[in-house]
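Chemist: Residues per chain are reported as follows:
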Amino acid sequence: MFDVVPSHGRWAKLGDWLATAVTLFIAFLWSIPLLWAVVASIRPENDPLGRGDVWFSFPVTLANYAKAWSLAPFNLYYVNSIVIVLMVLGVQLVTITLAGFAFANYKFWGKRGFFFFILLQLMIPTTALLAPNFSTIRVLGIFDTRLAVAIPFFGSAFGTFLVRQAFLGVPRDLVDAGVIDGCRWWQLLWHVYLPPSVPTLIAFGLSSVSFHWNAFLWPLIITNSDESRPLTAGLVRFTQLGEIGAQWPLLAAATLMVIAPLFVAFLLFQRRFIQSFMHSGLK
Amino acid sequence: MSNLYRAVGKRRFDSLPYLLIFPTFLFVAVFTAWPTLLAFYQSFFQQRLNIVRFREPTFIGLENYTKLFADDRFLQVLRNTFYYIVGTVPLSILLAFLFALLVNRKIRGVGWARLGFFYPTILPLVSAATIWMFFFTPDYGLLNTALRAIGYTGADNWLGNPNLALISIMIVNVWKNAGFYMIFYLAGLQSLPTDVFEAAAIDGATGWQMLWRIAFPLLRRTTLFVTTIAFIGAFREVDHIFVLTQGGPSRASTVLLYHLWQVRFENQDVGQASAITMVLIVLLLFFTVTNFLLSERGGEADV
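Chains as they are written, first to last, in the numbering used here: chain A, 378 to 660; chain B, 553 to 855.
Some clues are possibly wrong.
[Unchecked claim] Listed next, the in silico EDC-like pairs over lysine to aspartate or glutamate satisfying Cα-Cα at most 20 Å (straight line):
1) B:Lys658 - B:Glu750
2) A:Lys484 - B:Asp566
3) A:Lys444 - A:Asp603
4) A:Lys484 - A:Asp550
5) B:Lys658 - B:Asp747
6) B:Lys619 - B:Glu818
7) A:Lys488 - B:Asp566
8) A:Lys444 - A:Asp424
9) B:Lys658 - A:Asp393
What the hints contain is simulated information worked out from the structure, not anything from laboratory work.
All chains, please: the whole structure from these sequences, using the hints.
Modeler: Below, the structure written as C-alpha cells:
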C-alpha cells in the first residue's frame with residue numbers, strides 16, 4: 378500500500394529500507410521454530426543440547442531420522458495417514474459433486490429445506506461432537522479402524538456449497554444445448570458441469586487434504602492401535618515414549634517426518650494452496 | 553422443474569435429485585444432526601461408565617447443567633477459555649494486518665517474508681507444539697536463552713508455571729494463526745481502489761492517516777470475517793495442549809474443548825460431557841451463524 382505514493386527524498390528511501398529490514402527480521406523470527414527443528418534434527422546422536430549449545434553441532438548426520446523411524450512404527454502411521462486422507466477426499470469428491478449437481482441443476486420439493494439441513498454441518502463443527510460421535514462409532518462396530526477416522530467427514534456441507542456455486546456459474550445455454558443433444562444426467566454432469574469446475578474441486582481438495590493430514594483430536598479418540606493410528610496421533614505417542622525423554626534431535630527428526638509430505642507439496646504449489654485456504658477460511 | 557424436463561416439455565415426479573443428495577444427507581444426518589440430538593438427550597441423564605452403579609443412564613432433569621455451573625473447575629475452564637480468546641484473537645488479527653502491510657510491497661525478498669509468516673498454517677498443530685516444547689524448556693530452552701540475552705531473570709519454567717502455561721499455549725496459537733489471517737488482509741489490501749489513496753495523497757494525507765482513516769475502515773468486512781474464524785478457531789484448536797501442558801498445571805491451561813475431552817474420555821462421565829457439548833454447541837452456533845450472516849463464504853468448518 379505504501380507503494381501507492383511514490384517515495385521522495387532521502388528520508389523516504391531510508392524509511393523504505395527500514396521497512397524492508399523490519400519485514401525480513403520478523404519473518405526470520407517467525408521461521409525460527411522450523412529452522413531450529415531442521416538444525417537440531419541433524420546433530421550427532423550422542424550430543425545432547427545444553428545451555429548455549431542448541432544449534433549446529435558437527436558432524437551433521439541423518440542418524441536421528443533412522444533412529445526415530447525404528448523406535449515407532451512410522452511406516453504404518455504414514456500408510457494410515459495417506460489412506461485416511463485419500464479415503465476422505467475420494468468419497469467427498471463423489472458426494473459433493475452429486476449433491477452440488479442436484480442443488481444447481483434441479484428443482485425439487487424440499488430443496489431449500491435439504492440444503493439448509495446440510496449446511497448444519499457448517500454451523501456445528503464436527504469437532505464439537507466428538508463425544509456423541511464416539512458412541513455412534515462404537516455402535517457401528519468400527520472403533521479403531523481407519524474408516525472410523527474418515528467416515529464423519531464423508532459428507533461435506535462446505536464442499537457441496539462450493540460445488541453448487543461453481544455449477545451455478547456454468548452458462549445456462551451450455552446446459553440447454555447438452556439437454557437438446559440428448560445428454561443423460563451423468564453425461565451432462567461429466568461433459569458440461571465438471572470441466573469448468575475443476576479449479577473449485579482442486580481448491581476444495583487441497584484444503585481437505587491439509588485438514589485431514591493435520592487432524593489430531595478425533596483420530597486420537599477413535600484409534601487405539603498402530604494399525605489405524607495416523608501420523609499426528611503417532612507423533613504424540615512417540616513424544617511420550619519413556620525412552621525419548623528430552624532427546625530433542627530425535628523429537629525434531631520425528632516432527633519433521635510428520636510435517637514433510639504436506640510441507641513439500643505446499644512449497645511446490647504455494648499459490649494454489651493459499652488460494653484454496655482463502656477460499657475456504659480453512660486450513 | 554428441472555432443465556431436463558423443461559426441455560422435453562413434460563412434468564412428473566423425479567426421484568433423481570433425492571438420490572443425488574442422499575449420500576451427503578445421510579452423512580450429515582448421522583454425524584451432525586444425530587449426535588447433536590443425542591448429546592441434548594443424554595445431557596438430562598446421569599451416566600458414568602467407570603462406576604458400576606452409574607453405568608446405566610438415569611434421568612436427572614437439569615442437574616447436569618446446574619452441577620456444571622456450580623462447579624468451580626468448570627468456571628475456571630470457562631475463564632481460561634475467555635482469556636485464551638481475548639489473549640489470542642485481537643493480537644493475531646493485529647499482527648495479521650501488520651504482516652499484510654509489510655509484505656504488500658514490491659521489494660526484494662518479499663516472497664520469502666510471506667512464506668516465513670504463512671508457513672505455520674500448513675503445519676499440524678501437534679508437530680508445531682512438539683517444536684515449541686523445546687522453546688519453553690526450562691534453563692536451556694530457546695525462549696529462555698533469548699530472554700536471558702535481553703536481561704530477563706524471571707520464571708523460566710513456562711509450561712510448569714500456572715501463571716505462564718496458558719500464555720505459552722496462547723503464544724503458539726498466535727504464531728500459528730497470524731500468517732493465516734494475513735492472507736485475507738493481503739487479498740483485501742490488493743482489492744482496494746488505488747485512486748482513493750492517490751486523491752488522499754494529493755490532499756496531503758500522511759501514510760499513517762491513509763492507513764487508519766482509509767485502508768482499515770475499507771477492510772471492515774475482512775476484519776469481521778477474520779474475527780469470526782479466529783473466534784471459532786480458538787474454541788476448536790486445542791491439539792497443542794495435549795503436547796505442551798495436558799491442561800495443567802492444576803488446570804491452568806485447560807480450555808473448553810480440552811475439558812470436554814477429559815470429562816468424557818478420562819472421567820468417562822457421559823452426562824456431564826453431554827452438557828458441556830451443548831454449551832460448546834451453543835457458543836459455536838452463535839459465532840458460526842454470525843459468520844454465516846456476515847459473509848457468503850463457507851466460514852471455518854470441517855472439510
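Chemist: Work down the list of hints and note, for each, if the structure agrees.
Modeler: Quick rundown of the hints versus the structure:
1. B:Lys658 - B:Glu750: Holds, at roughly 18 Å.
2. A:Lys484 - B:Asp566: holds (10 Å)
3. A:Lys444 - A:Asp603: With Cα atoms ~18 Å apart, A:Lys444 and A:Asp603 stay inside 20 Å; holds.
4. A:Lys484 - A:Asp550: Status holds; Cα separation ~18 Å.
5. B:Lys658 - B:Asp747: This hinted pair holds, its Cα atoms lying about 18 Å apart.
6. B:Lys619 - B:Glu818: holds (18 Å)
7. A:Lys488 - B:Asp566: This hinted pair holds, its Cα atoms lying about 13 Å apart.
8. A:Lys444 - A:Asp424: holds (14 Å)
9. B:Lys658 - A:Asp393: holds (11 Å)
Hint violations for this structure: none, all hints satisfied.
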